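Number of protein chains: 2
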Amino acid sequence: MAATQGTEVEALDTPCLLLDEARVRANVARMRARLASLGVAFRPHLKTAKSREVARLAMGAPAGPAIVSTLREAEYFCEAGLRDVIYGVGIAPDKLARVARIRASGADLAVILDSSEQAEAVAAHAARSGDRLPVLIEVDADGHRSGVAPEDADALVAIGRRLVAGGADLRGVLLHAGDSYALSDPEALAAAAEAERVAAVTAAGILRADGLPCPVVSVGSTPTARFARNLTGVTEVRAGVFMFGDLFQAGVGAVEPEDIALSVLATVIGHQRAKGWIIVDAGWMALSRDRGTARQGLDQGYGVVCDRDGTPYPDLIVADANQEHGIVALRRGSTAALPDLPIGTRLRILPNHACATGAQHGSYHVLDGAGRVAAVWPRINGW
Amino acid sequence: MAATQGTEVEALDTPCLLLDEARVRANVARMRARLASLGVAFRPHLKTAKSREVARLAMGAPAGPAIVSTLREAEYFCEAGLRDVIYGVGIAPDKLARVARIRASGADLAVILDSSEQAEAVAAHAARSGDRLPVLIEVDADGHRSGVAPEDADALVAIGRRLVAGGADLRGVLLHAGDSYALSDPEALAAAAEAERVAAVTAAGILRADGLPCPVVSVGSTPTARFARNLTGVTEVRAGVFMFGDLFQAGVGAVEPEDIALSVLATVIGHQRAKGWIIVDAGWMALSRDRGTARQGLDQGYGVVCDRDGTPYPDLIVADANQEHGIVALRRGSTAALPDLPIGTRLRILPNHACATGAQHGSYHVLDGAGRVAAVWPRINGW
Numbered sequence: 001m002a003a004t005q006g007t008e009v010e011a012l013d014t015p016c017l018l019l020d021e022a023r024v025r026a027n028v029a030r031m032r033a034r035l036a037s038l039g040v041a042f043r044p045h046l047k048t049a050k051s052r053e054v055a056r057l058a059m060g061a062p063a064g065p066a067i068v069s070t071l072r073e074a075e076y077f078c079e080a081g082l083r084d085v086i087y088g089v090g091i092a093p094d095k096l097a098r099v100a101r102i103r104a105s106g107a108d109l110a111v112i113l114d115s116s117e118q119a120e121a122v123a124a125h126a127a128r129s130g131d132r133l134p135v136l137i138e139v140d141a142d143g144h145r146s147g148v149a150p151e152d153a154d155a156l157v158a159i160g161r162r163l164v165a166g167g168a169d170l171r172g173v174l175l176h177a178g179d180s181y182a183l184s185d186p187e188a189l190a191a192a193a194e195a196e197r198v199a200a201v202t203a204a205g206i207l208r209a210d211g212l213p214c215p216v217v218s219v220g221s222t223p224t225a226r227f228a229r230n231l232t233g234v235t236e237v238r239a240g241v242f243m244f245g246d247l248f249q250a251g252v253g254a255v256e257p258e259d260i261a262l263s264v265l266a267t268v269i270g271h272q273r274a275k276g277w278i279i280v281d282a283g284w285m286a287l288s289r290d291r292g293t294a295r296q297g298l299d300q301g302y303g304v305v306c307d308r309d310g311t312p313y314p315d316l317i318v319a320d321a322n323q324e325h326g327i328v329a330l331r332r333g334s335t336a337a338l339p340d341l342p343i344g345t346r347l348r349i350l351p352n353h354a355c356a357t358g359a360q361h362g363s364y365h366v367l368d369g370a371g372r373v374a375a376v377w378p379r380i381n382g383w
Numbered sequence: 001m002a003a004t005q006g007t008e009v010e011a012l013d014t015p016c017l018l019l020d021e022a023r024v025r026a027n028v029a030r031m032r033a034r035l036a037s038l039g040v041a042f043r044p045h046l047k048t049a050k051s052r053e054v055a056r057l058a059m060g061a062p063a064g065p066a067i068v069s070t071l072r073e074a075e076y077f078c079e080a081g082l083r084d085v086i087y088g089v090g091i092a093p094d095k096l097a098r099v100a101r102i103r104a105s106g107a108d109l110a111v112i113l114d115s116s117e118q119a120e121a122v123a124a125h126a127a128r129s130g131d132r133l134p135v136l137i138e139v140d141a142d143g144h145r146s147g148v149a150p151e152d153a154d155a156l157v158a159i160g161r162r163l164v165a166g167g168a169d170l171r172g173v174l175l176h177a178g179d180s181y182a183l184s185d186p187e188a189l190a191a192a193a194e195a196e197r198v199a200a201v202t203a204a205g206i207l208r209a210d211g212l213p214c215p216v217v218s219v220g221s222t223p224t225a226r227f228a229r230n231l232t233g234v235t236e237v238r239a240g241v242f243m244f245g246d247l248f249q250a251g252v253g254a255v256e257p258e259d260i261a262l263s264v265l266a267t268v269i270g271h272q273r274a275k276g277w278i279i280v281d282a283g284w285m286a287l288s289r290d291r292g293t294a295r296q297g298l299d300q301g302y303g304v305v306c307d308r309d310g311t312p313y314p315d316l317i318v319a320d321a322n323q324e325h326g327i328v329a330l331r332r333g334s335t336a337a338l339p340d341l342p343i344g345t346r347l348r349i350l351p352n353h354a355c356a357t358g359a360q361h362g363s364y365h366v367l368d369g370a371g372r373v374a375a376v377w378p379r380i381n382g383w
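Line order of the protein sequences matches chains A and B.
Heads up, the first sequence is in the UniProt record's numbering, so the first residue is 1 and it goes up one at a time.
Heads up, the second sequence is in the UniProt record's numbering, so the first residue is 1 and it goes up one at a time.
Honestly, I wouldn't trust all of these hints.
Just a sample of chain A residues kept apart from chain B, beta carbon distances all over 10 Å, derived [what the hints assert, rightly or not]: (1) G276; (2) L338; (3) D368.
So, partial list: chain A residues that the calculated Cβ filter (under 8 Å) puts toward chain B [what the hints assert, rightly or not]: (4) G90; (5) P93; (6) D94; (7) D114; (8) G178; (9) T267; (10) G270; (11) M285; (12) N322; (13) P342; (14) I343; (15) C355; (16) A356; (17) H361; (18) G362; (19) W383.
Simulated restraints on C-beta separations [unchecked claim]: (20) A:E79 / B:G344: 22 to 32 Å; (21) B:A29 / A:D154: 53 to 63 Å; (22) B:R308 / A:A124: 21 to 31 Å; (23) B:A11 / A:E79: 16 to 26 Å; (24) B:A11 / A:T311: 45 to 55 Å; (25) A:A97 / B:L57: 32 to 42 Å; (26) A:P342 / B:G143: 18 to 28 Å.
Hints were generated in silico from the structure; no laboratory data involved.
On a predicted model such as this, the values are computed, not experimentally measured, just so you know.
Glycine residues also receive a C-beta, built at the ideal position from the N, C-alpha and C atoms.
Throw the hints in and build the complete structure from the sequences for me.
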């Protein structure tokens, strides 16, 4: 059934994605206030939301700034008026034609890179096209993934010089402290944020010492954005998953469980009473295969089971999942009572990972303060 | 770039999904011949493909038979002429109105259930609507998920009688030996297939002994369909993932690695040479979060890395993945040499789980015998 304004959750086809708009607004306001108090700009990451309506809540203005994870996102958001945007995955040379088309539409789309090969391709593109393509050099904050080592002056300067010589617009440096996801101690998280800051400032200093421009010093991850105490030398912070929150970020301590705005609405379709199983129509296709909490102190299975209003049942999780079946059971060792949930009961399941769970769905059913569906917001997937 | 006929793989935007049509045809022909030799009908499961074009390759006729995992699939395929179809997830009473709309369009859509509560709802629906809704009773082959225990005569007869009394069309029994996915020994797989058969025949016998109809005895999973030796008493076998194959099913032994028809095309976007990492633009968003092979003898990470023509590099896997980054590295302990793959190199990645990887994409880029894109076939997601 297509949802219309004021629809009760009971009238929705399941499984589907629910979004608590008030929680998104509160999560964004909290992050915005925190970063303002630290004196840095906020560049929301739109890879979790992939929705123009959510982007409007997250961004300070329709023109941005923002960062995206795919060129499809860049196109989708720029068609809706986004202007200041970074494509936050290392640029492949054969994506430059698509970047140029997006820039030709009026958006100030910047790319990132971490090698001389990419700098050569981007410089050649800038020289050939006459477009002063903006570039940030990706710097490796913590050995997590991509990026030039922050103290590797030879590499940083070679990349920066090649870009400038080719006529590209060297904007600065960009880092992502992805290893912070593996932490949960506030002191360790504050230290990760400080390490990210120091790496950023180090790399920026190397560029500037060579006379290269570096107006932007961009860092960010939801955990380090939450725990940073000092951002001297940083100009902007990026974060995305905090808007919705999820069980994994709650395990890190970067969000509070009661602030999680995203859930999957499911219906009870069966029982295996001898085993203490309740079968629901949300399997891994609706919840995603993400099992990130398996590596944390509290393994949440495929998600925490709540009643239709969002209140968690004690120790009740999606213990296993098939494609379209979720197996709901008490956490191993629990002494709680299995709730009596007859066939047809509507449940909400909190996700392990908002980015992964959201991607399994084509829209958000947006809840108002009374728990009714106030709107349906489309979201995009793909590249 | 939108792909057109004859497009080279180099011209595609990455990441994207590639499908080798000749392998799909061969996989289907092999399964069809195998089941014909065992004297049973074949009901392909369309949950992996979610594509009308693939369904046409898999089905013996446009009208079916087939089985689907969502009502969205039922609608999508029935609009294209599918008539004989089972919705293979236990029916929730509030989905019956949507089932009725699909049936009113001319499709013989059957539902499954495993409880008296569902039988009561279905019988009441049949009595109220006058529609002889076809029903199969789901029977539990192996304790994997849903279903009435095959020897639980009281439950089977109570459900069957209630359905018949209400005017529903009791079609028979349906089982899925999902625990076969955990096996890899051919003898154990043959035993799982035989256990699935015996459970099916036992349950069917109980219904018939009570004078209830049971024309259909439906079993199936890709592993048991591959390893069954005797299907006496079974009328049809269902399987889906075998059409494409994947690394997980190769680990089970249910498909050969060289028959895997699905892969994700990716581009090299960076290196961390000191660590032996090659970074590609296919992360878990493109590959899925499925890590099913982690529980098998050979952990394939997030997928096996092949060259652009589909030939695997020795011991090269996607060792880790972020949302839009794959970290390609040699398998731990490998003595193979890391191949030199410059930025821009196109690679193909074989998936752990075809159902999960396919669901991350909106279409298949279909390869012809020369490795060129012969067509783009859309696929659906959602519910």
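Here is what the structure says about each hint:
1. G276: 13 Å, holds
2. L338: 16 Å, holds
3. D368: Holds: least Cβ distance 22 Å, greater than 10 Å.
4. G90: 4 Å, holds
5. P93: With Cβ-Cβ at 5 Å, under 8 Å, it holds.
6. D94: Holds - the Cβ of D94 of chain A comes within 8 Å of chain B, reaching about 6 Å at its closest.
7. D114: 6 Å, holds
8. G178: 7 Å, holds
9. T267: OK, holds: T267 of chain A within 8 Å of chain B, min 5 Å.
10. G270: It holds, given that the least Cβ distance between G270 of chain A and chain B is near 5 Å, below 8 Å.
11. M285: Holds - the Cβ of M285 of chain A comes within 8 Å of chain B, reaching about 6 Å at its closest.
12. N322: Given a least distance of 6 Å, the restraint on N322 of chain A holds.
13. P342: The hint holds - P342 of chain A has a Cβ within 8 Å of chain B, the shortest such distance being about 7 Å.
14. I343: At 5 Å from the nearest chain B Cβ, I343 of chain A passes the 8 Å test, so the hint holds.
15. C355: 6 Å, holds
16. A356: 6 Å, holds
17. H361: 7 Å, holds
18. G362: 5 Å, holds
19. W383: 6 Å, holds
20. A:E79 / B:G344: 22 to 32 Å: Cβ of E79 of chain A to Cβ of G344 of chain B: about 28 Å, so the range 22 to 32 Å holds.
21. B:A29 / A:D154: 53 to 63 Å: 58 Å, holds
22. B:R308 / A:A124: 21 to 31 Å: 23 Å, holds
23. B:A11 / A:E79: 16 to 26 Å: 24 Å, holds
24. B:A11 / A:T311: 45 to 55 Å: About 52 Å separates the Cβ atoms of A11 of chain B and T311 of chain A, which means 45 to 55 Å holds.
25. A:A97 / B:L57: 32 to 42 Å: At 34 Å between Cβs, range holds.
26. A:P342 / B:G143: 18 to 28 Å: 23 Å Cβ-Cβ, so the 18 to 28 Å window holds.
Hint check: no violations occur; every hint is consistent with the structure.
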